[in-house]
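Use these hints to put chain B onto chain A, whose structure you have.
These protein sequence lines map, in sequence, to chains A and B.
Read in the numbering used here, the first sequence has 51 at position 51, and its numbers run on one by one without any break.
Read in the numbering used here, the second sequence has 487 at position 487, and its numbers run on one by one without any break.
No lab work stands behind these hints: they were computed from the structure.
Here the structure is a predicted model, which means the values were calculated and not measured.
Do not take every clue at face value.
[As the list claims (entries may be wrong)] Straight-line distance between alpha carbons at most 20 Å, and here's what the computed DMTMM-like set of lysine to aspartate or glutamate pairs gives:
| no. | chain 1 | residue 1 | chain 2 | residue 2 |
| --- | --- | --- | --- | --- |
| 1 | B | K109 | A | E72 |
| 2 | B | K48 | A | E74 |
| 3 | B | K270 | A | E76 |
| 4 | B | K110 | A | E75 |
| 5 | B | K48 | A | D73 |
| 6 | B | K109 | A | E7 |
| 7 | B | K48 | A | E75 |
| 8 | B | K109 | A | E75 |
| 9 | B | K277 | A | D73 |
| 10 | B | K273 | A | E76 |
| 11 | B | K270 | A | D73 |
| 12 | B | K110 | A | E74 |
| 13 | B | K273 | A | E75 |
| 14 | B | K270 | A | E7 |
| 15 | B | K429 | A | E7 |
| 16 | B | K109 | A | E76 |
| 17 | B | K48 | A | E72 |
| 18 | B | K277 | A | E74 |
[Claimed, not checked] Listed next, the stretches of chain A that the computed footprint assigns to chain B, with coverage defined by at least 3 CB atoms under 8 Å from CB atoms of chain B:
| no. | segment |
| --- | --- |
| 19 | 4-15 |
| 20 | 23-29 |
| 21 | 34-43 |
| 22 | 48-55 |
| 23 | 62-71 |
From the three backbone atoms N, C-alpha and C, an ideal C-beta is built for every residue, glycine too.
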Amino acid sequence: MNKDVKEPIRKKWIWIGLVLITLGNVPWYFSDSMVEPYVFGFPLWGFIILVFSIILSAYLSWICLTQWKIVEDEEEANK
Amino acid sequence: MGELTFAGVDGIIILSAFAIIMLVIGYFSGRGEKNIHESLSGYYLAGKNLGIIALFFTLFATQYSGNTIVGYAPTAYRTGFSWLQSISFMTIIIGVYLLFAPRLYVIAKKRNFVTPTDWLQHRFNSKGVTLLAIFLMLWGLGNYLLEQLVAIGQAVSGMTGGTIPYQVAVIVFVFVMLAYEWMGGMKAVAFTDVMQGIVLLVGIIAFVAGGIYLAGGNFGSITQFIAETEPAKLAVPAAEVNINWLSMLVLVGLGASIYPHAVQRIYAAKSEKTLKKSFARMAWMPLITTGLVFIVGIIGIKLFPGLEGGDSEQLVGLMANEIASINSFFYWIMIIFFGGIVAAIVSTADSVLLSFSSLISNDVYGKFINPNASEHRKVMVGKIIGIIAIFGLLWVAWNPPGTLYEIFVLKFELLVQVFPAFVLGLYWKRLDGKAVFWGMVIGAIVAGILTFTGNKTIYGIHGGIIGLALNFVICVAGSYLSSTSVKKDPVLEEDMNAVNL
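Isolated chain A (complex conformation) (with noise of 0.2 Å):
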């Protein structure tokens, strides 16, 4: 397989890591006291789980622009 081909489902740490934000991105995990305090006007569950949403975001984008290249290079070259 040519090295330079790059397929994110061929990627086992891509997905256990979306996995993982997405997990992150449920308030599953909080006890019912972590309302306060507020930040920036959100509850303290609802600002991590911003945190998360923003993560999320930034890895989704990163991903798309780095780790997927199947035929750019031929497509780029015939231009």
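Okay, now just chain B, sitting in the frame of chain A:
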């Protein structure tokens, strides 16, 4: 949406301006391009030549509809901070795309696919699978289109203060949409999406700014107010809410990425580079779209406390009235914003309609009724049946359902059943057509029965997900049982090694 006191003639002016801009864009997209009407991929996929700006905005404007604002803000208002899930369930869609889009893009380019069904037909070569998938996809698209038609009418008659009645509003915008789509196909849809997407984004940002200003200029004070009056909306969600949250992530992620019009945007990309850059940007959009809409709903709790059920659905209109009365700058921004909502609904409806027509052209007519017809004729048949379908759905739309969110889940329940065939088929040679067929049938029946008997969720898990799980099990088990050895199929071997070509 309630009657907006700021609306009326000014609203009509802005709406007319938007309608004219859409028509002009449609006219210029179709002009001088004879190819558009002569070939399926020319009309339905813009010649597979969408560049980064058009592709990004068409992904954006199609995925985020007017409902995303008009329906999600009240949900945030009613449920509080647990509606933060709307950010992640829109983001996760990109993660699901990454499961299949990279390879599907390569195969689709190579084999010249027009519709998602082309892939299934190519992969399984089974009439049953193809027909069933067409049925599920047309069902999902039809339902989605219906929802958009209902929403257009509500938004326009709200915006014009009832000056333009519901039915007239829908008819006018449906004609505008049909006209530009007829002239320019996917190219017109994508180019109008650029304008529609920009207006929507500007509108949401202005809306949040106005809302925070009204609520005292400080988001912290809003939370303070909620803590004093309705602490439940700030509380850590209960276990069932969390299960439902996770189930939403799975359902929306799998469902929205497999939408026929979404898949066709993968086909329509000019290059892999364009596609991945568009997705990379899309991954950030939930934060400034559903994220800001969530904030709108939360601000609403302070500005209009105590709205229940149907009344809370009026939230966006109520807030817009207040924001418009701040000063004349906000007045015009709010009118443009409401125009933007209408534009956003139209931009979703046009994509769905185009996809609907393509399934009729390429799959129903082109595969089963008259495979030897010219591409020009196939395109024509799709266009005309699309128009007939629109008027059929309009007839249904005159009795709009109560809450938008209800239908939103229903359409995913069935559509998502195509997922195993679609994605598992890309990577697993052994996956067998018969197993896929029965998986889809049983998954769809289970999902449908659960939904229609009022058990939309069981312990917070959506009926569609339960059906899907069963569907997956049948696909996998059935494939192992049905054949002892995998036949060597040269075409399949080639697809499975698309990356090596």
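Consistency of the hints with the structure:
no. : hint             : in the structure
1   : B/K109 <-> A/E72 : holds, 13 Å
2   : B/K48 <-> A/E74  : holds, 17 Å
3   : B/K270 <-> A/E76 : holds, 11 Å
4   : B/K110 <-> A/E75 : holds, 12 Å
5   : B/K48 <-> A/D73  : holds, 18 Å
6   : B/K109 <-> A/E7  : holds, 17 Å
7   : B/K48 <-> A/E75  : holds, 13 Å
8   : B/K109 <-> A/E75 : holds, 11 Å
9   : B/K277 <-> A/D73 : holds, 15 Å
10  : B/K273 <-> A/E76 : holds, 8 Å
11  : B/K270 <-> A/D73 : holds, 14 Å
12  : B/K110 <-> A/E74 : holds, 13 Å
13  : B/K273 <-> A/E75 : holds, 9 Å
14  : B/K270 <-> A/E7  : holds, 19 Å
15  : B/K429 <-> A/E7  : holds, 18 Å
16  : B/K109 <-> A/E76 : holds, 15 Å
17  : B/K48 <-> A/E72  : holds, 15 Å
18  : B/K277 <-> A/E74 : holds, 17 Å
19  : 4-15             : holds (count 5)
20  : 23-29            : holds (count 4)
21  : 34-43            : holds (count 7)
22  : 48-55            : holds (count 5)
23  : 62-71            : holds (count 8)
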